[in-house]
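Trainee: Start from the sequences, fold in the hints, and give me the full structure.
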Amino acid sequence: MFRATIDAYLLRDSVEILSVLVDEIRLRTSSDGISVKAVDPANVAMVTFNLDSSAFDDFEADESEIGLDLTKISDILGVADKNDKVSMELNENSQNMSINIGSFSYTLSLLDPSTIRSEPKIPQLELPAEIILNGTDLRRAVKAAEKISDHMLLGVNDDVFYMEAEGDTDKVRLDLARDQLIDLKPDDVRSLFSLDYLSDIVKPASKSNEVVLEIGQDFPIKINFEIANGTGKVGYLLAPRIESE
Amino acid sequence: METKKLELPEYIIQFYLDTGIEELYPPQEEAVEKGLLDNKNLLAAIPTASGKTLISELAMLNSISTGGKCLYIVPLRALASEKFERFKEFSSIGVKVGISTGDFDSTDEWLGSNDIIVATSEKADSLLRNETSWMKDITTIVVDEIHLLDSVDRGPTLEITIAKLLRLNPNSKIIGLSATIGNAGEIAGWLDAELVQSQWRPIELYEGVFLDDNINFKQSQKPIKNIVKDTAVNLVIDTIDENGQCLVFESSRRNCAGFAKKAKSKVGKSLDKGLLDELNNIAEEVLETSDTETTKELASCIKRGTAFHHAGLNSAQRKIVEDNFRNNKIKVISSTPTLAAGLNLPARRVIVRNYKRYDPNFGMQPIPVLDYKQMSGRAGRPSLDPYGESVLISHTYNEFTDLLDRYIDAEPEDILSKLGTENALRTHVLSTIVNGFATTRQGMVDFMGSSFFAYQQQKWSLIDVVDDCIEFLQDNEMIKDDGEHLYATRLGQVISTLYIDPLSGAIIIDKLKKADKVNDMTMLHIICSTPDMRQLYLRSKEYEKINEYVMTHSDEFVEVPNPFKSIEYEWFLGEVKTALLINEWIDEKTLDDITAEFGVGEGDINALSDISEWLMHSAVNLAKLTDLDADKAQELEKRIHHGVNKDLIQLVSISNIGRVRARKLYEAGIQSVSDIKNTDLYTLSNYLGKKTAYKVLEQLGVEPEDNQQIDEEPESIKSYSGNYQGQKTFNDF
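Sequence order for the protein chains is A and B.
The opening position of the first sequence corresponds to residue 391 in the working numbering, with each subsequent residue numbered one higher.
The opening position of the second sequence corresponds to residue 132 in the working numbering, with each subsequent residue numbered one higher.
Watch out, some of these pointers could steer you wrong.
Result set (DSBU-like, lysine-lysine): computed pairs, CA atoms no more than 30 Å apart in a straight line [to be verified]:
no.	chain 1	residue 1	chain 2	residue 2
1	A	Lys561	B	Lys400
2	B	Lys360	A	Lys537
3	B	Lys360	A	Lys533
4	A	Lys612	B	Lys397
5	B	Lys397	A	Lys537
6	B	Lys404	A	Lys462
7	A	Lys462	B	Lys356
8	A	Lys472	B	Lys360
9	B	Lys404	A	Lys427
10	A	Lys533	B	Lys404
11	B	Lys549	B	Lys487
12	B	Lys404	A	Lys612
13	B	Lys227	A	Lys537
14	B	Lys353	A	Lys537
15	A	Lys593	B	Lys356
16	A	Lys561	B	Lys487
17	A	Lys462	A	Lys597
18	A	Lys537	B	Lys549
19	B	Lys672	B	Lys720
20	B	Lys427	A	Lys593
21	B	Lys400	A	Lys475
22	B	Lys400	A	Lys623
23	B	Lys227	B	Lys267
24	B	Lys397	A	Lys561
25	B	Lys404	A	Lys593
26	B	Lys755	B	Lys777
27	B	Lys826	B	Lys795
28	B	Lys397	B	Lys427
29	A	Lys462	A	Lys612
30	A	Lys561	B	Lys676
31	A	Lys533	B	Lys397
32	A	Lys472	B	Lys356
These are computed hints drawn from the structure, not numbers from a lab.
Mentor: Written out as structure tokens, the structure is:
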């Protein structure tokens with residue numbers, strides 16, 4: 391069974407976090423809360439998402455897997471006001487879910503989870519450098535980079551974390567020294583990432599005051615942050631591009 | 132007017148009824164009323180998609196039903212194939228259709244048994260020069276896109292071809308099909324044709340200008356959601372949200388590709404998974420056509436539903452883009468304006484993102500109204516879209532009102548003949564003498580008097596130019612004057628049938644005579660210094676590199692101009708750059724390397740190698756004729772054709788073996804046809820793959836023995852990284 395009530399804005403944020411990579415998810419429920427692991431069709435970016443039962447106003451569930459179409463849910467949430475509550479209940483026999491928002495009530499048909507790409511195995515990676523910074527700083531750097539290039543270098547040198555993008559003719563670089571960061575565990579590393587992905591990922595991250603980046607040398611990057619006052623945890627993992635030349 | 136009321140044989144009417152055409156469009160009806168099916172000439176100046184082709188079809192089929200033969204002239208090869216495919220549908224009513232492509236010095240006599248022959252204007256001209264016999268039997272001539280009389284490159288040939296055809300077949304009927312232009316009456320007058328002029332379109336066209344989050348049409352406004360910074364991207368998204376497709380016109384190739392890339396992430400998000408899967412397959416198909424950087428870019432755009440289209444793509448890629456736009460898989464094409472002039476590829480919304488174009492003399496200039504109308508006319512697919520929209524983009528109120536005046540409310544310009552220069556006329560003066568359309572100076576002046584130039588402008592202004600041409604041809608011994616008549620020498624005849632500019636012929640002969648020793652570069656530069664070659668533009672940063680090459684190889688050029696004469700010298704360096712590109716092509720450099728080094732597209736390399744092969748072929752003929760050494764040119768002609776070094780010529784002459792495969796075989800010690808014959812299928816398969824190896828042996832008359840088990844070629848594992856260059860995936864960790 392699955393029955394829950396949650397703030398509309400929180401559900402909307404959650405859907406956004408996942409839909410930057412995939413359109414359909416396998417949602418795992420348990421008495422502790424809900425979780426999703428997904429990888430984009432190209433196998434380039436992954437996301438792990440956990441939302442504790444305490445994030446909900448009302449939560450009751452046992453172990454199960456539900457197949458959801460994210461676009462449908464975000465369409466439905468279009469009618470919701472920021473402060474509305476959304477309540478959901480799974481109708482196990484008819485394979486659909488009732489969703490109530492204010493005086494609207496929807497019946498959402500579910501997907502057969504076996505038709506959705508299975509959960510990825512999250513690779514165990516040793517990433518030597520760790521940076522903690524404000525999400526808006528990260529978003530700003532990515533936005534600047536998008537103007538001139540389609541990829542961006544993230545790295546640490548001495549005690550400075552830098553983000554750099556080079557287009558055909560122009561270049562932009564943002565240096566953040568230790569005192570401009572919340573925390574830094576330095577190591578001499580750098581990796582290049584596709585801005586197509588990065589810009590989508592940092593959008594939800596920008597709402598967080600503390601974003602944790604873990605970087606290696608030509609290795610995937612981990613981007614972790616919390617939502618809903620720490621009751622939700624989000625981790626993105628993005629594979630690098632190879633630097634040419 | 133109902134189709135069944137047409138005064139045509141029953142089987143023709145039935146053909147149209149069967150294809151669902153029961154009623155004529157108003158301009159078609161007007162054409163019939165003005166004598167389309169009688170013995171009248173006709174000029175139809177009507178918008179795109181208002182049924183021009185059908186007008187020409189009715190006239191042709193009518194003529195064929197009484198034993199006539201029709202010539203359909205188009206400006207582009209791609210258009211020739213498009214029309215050919217369409218007319219082939221008449222085979223069900225017994226009408227035979229042929230298409231004339233191929234080399235300029237062939238006569239294509241075999242085409243004569245067809246009822247309709249489709250040809251480009253250049254090919255039609257060359258068929259006349261080669262005195263193809265069936266040209267005399269033409270009863271109906273259709274000239275598609277006749278407003279191209281205005282084009283500097285093609286206009287002169289088009290009007291001379293029309294003039295010759297009408298001289299050859301004085302009783303034939305001519306149908307001109309034109310875009311809406313300012314002076315259609317003038318062309319009609321020249322052709323002695325009835326004029327059908329109309330603004331009617333089968334589907335409503337709304338022309339608007341974008342300003343401040345709205346498309347402003349004449350009667351209404353349409354708000355556009357401001358999602359990203361780029362207005363054109365927002366317009367694209369808006370169209371796709373309404374289930375339409377978009378054509379975006381850009382000023383340069385670079386901008387075309389740039390826009391397709393820019394729009395792809397947003398467009399991709401609006402598409403459903405099923406379509407994205409199909410697009411992935413299409414992208415794979417594109418990747419198989421070539422492995423240049425441009426190809427990868429194109430594939431990555433197509434995966435997200437966008438594409439770009441310009442002359443830098445190879446023909447396979449262009450076809451994939453066109454076909455998949457027609458079947459509504461690709462949602463957006465950003466294209467250079469050439470697409471507007473050519474193919475029938477309509478879309479719901481046309482966005483003219485950039486209405487300025489670079490002119491080497493004046494910098495960025497607004498495009499002519501005629502060009503704008505050609506682009507906006509592509510909006511709206513008949514019977515598929517409810518309406519068509521074209522949008523110009525303005526950024527300020529001043530620009531907005533300027534665009535309204537300049538384009539939306541403007542009439543298209545008049546078109547002007549471009550025949551009146553020596554460069555345009557020289558080749559036609561020669562061919563006119565060679566083919567006997569004129570045998571005296573006065574006869575020449577009379578013949579030129581039947582051109583559109585003479586009709587439109589002053590006949591006397593042509594006379595000086597004609598005299599200059601005659602003088603040039605006499606000086607170069609291409610024609611002679613025996614006091615009474617002008618007649619062509621053997622040299623003149625050869626140059627005319629080779630279809631090259633007489634000046635090119637003169638340059639080739641002159642330089643071959645002056646050259647002491649001829650190596651590859653000497654010969655390549657000779658053909659690159661002719662006006663028929665399409666010169667590459669010398670960029671300032673390349674000056675040093677090319678200059679350096681000239682310094683160290685100066686003895687390989689017939690003459691090097693004085694570097695202090697800077698204009699002449701830079702022109703020369705441009706010729707050398709072009710020659711160097713051909714040199715790399717025949718040195719087996721990969722297309723990818725050549726495109727990167729010279730800043731050109733793959734389509735350009737194909738075009739350049741086609742032209743230079745043709746010029747080299749001409750050089751061979753000219754050298755033989757003037758008793759000069761033709762060996763080098765002969766060797767280079769073959770090498771350019773295949774793009775290989777000398778040692779591979781034998782191998783590449785086998786079909787199915789191209790430059791890459793040939794090199795592999797050669798390196799493996801299989802260096803001649805007899806070597807291949809002595810190689811067993813198994814070994815050969817290692818280099819060619821099993822299927823090709825089998826075909827090659829079969830072709831050489833060897834019974835391939837297939838007694839050994841050969842595993843199928845392993846499917847090449849294409850990772851997703853074809854999409855994003857250098858993108859790793861989690862499979863790598």
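Trainee: Starting from lysine 826 of chain B, check that the Cα of lysine 795 of chain B is at most 30 Å away, please.
Mentor: The given pair, whose Cα atoms are some 17 Å apart, holds under the 30 Å limit.
Trainee: Is lysine 755 of chain B within 30 Å of lysine 777 of chain B, Cα to Cα?
Mentor: Distance ~21 Å between lysine 755 of chain B and lysine 777 of chain B Cα, so the pair holds.
Trainee: With the threshold set at 30 Å, check whether the alpha-carbon distance from lysine 462 of chain A to lysine 597 of chain A stays at or below it.
Mentor: holds, 24 Å
Trainee: Compare the distance between the alpha carbons of lysine 400 of chain B and lysine 623 of chain A with 30 Å, and conclude whether the hinted pair is satisfied.
Mentor: Answer holds: lysine 400 of chain B to lysine 623 of chain A is near 25 Å, not above 30 Å.
Trainee: With a cut-off of 30 Å on the C-alpha distance, tell me whether lysine 672 of chain B and lysine 720 of chain B pass.
Mentor: Judged against 30 Å, a Cα distance of about 22 Å means the pair holds.
Trainee: Going straight from one Cα to the other, do lysine 472 of chain A and lysine 360 of chain B come out at no more than 30 Å?
Mentor: holds, 26 Å
Trainee: Is lysine 360 of chain B close enough to lysine 537 of chain A, meaning Cα to Cα at most 30 Å?
Mentor: OK: lysine 360 of chain B and lysine 537 of chain A at ~11 Å, within 30 Å.
Trainee: Below or equal to 30 Å on CA atoms is what counts here, so check lysine 462 of chain A against lysine 612 of chain A.
Mentor: Holds, because 29 Å separates the two Cα atoms, which is no more than 30 Å.
Trainee: Within 30 Å, alpha carbon to alpha carbon, are lysine 227 of chain B and lysine 267 of chain B?
Mentor: Holds, at roughly 18 Å.
Trainee: Sort out whether lysine 427 of chain A lies within 30 Å of lysine 404 of chain B, counting only the CA atoms.
Mentor: With a Cα-Cα distance of about 20 Å, the restraint between lysine 404 of chain B and lysine 427 of chain A holds, given a limit of 30 Å.
Trainee: Between lysine 397 of chain B and lysine 561 of chain A, does the CA-CA distance stay at or below 30 Å?
Mentor: Distance ~24 Å between lysine 397 of chain B and lysine 561 of chain A Cα, so the pair holds.
Trainee: Keeping to a limit of 30 Å between CA atoms, is the pair of lysine 472 of chain A and lysine 356 of chain B held or broken?
Mentor: Status holds; Cα separation ~22 Å.
Checked against the numbered hints given earlier, this structure breaks hints 13, 18; the rest are met.
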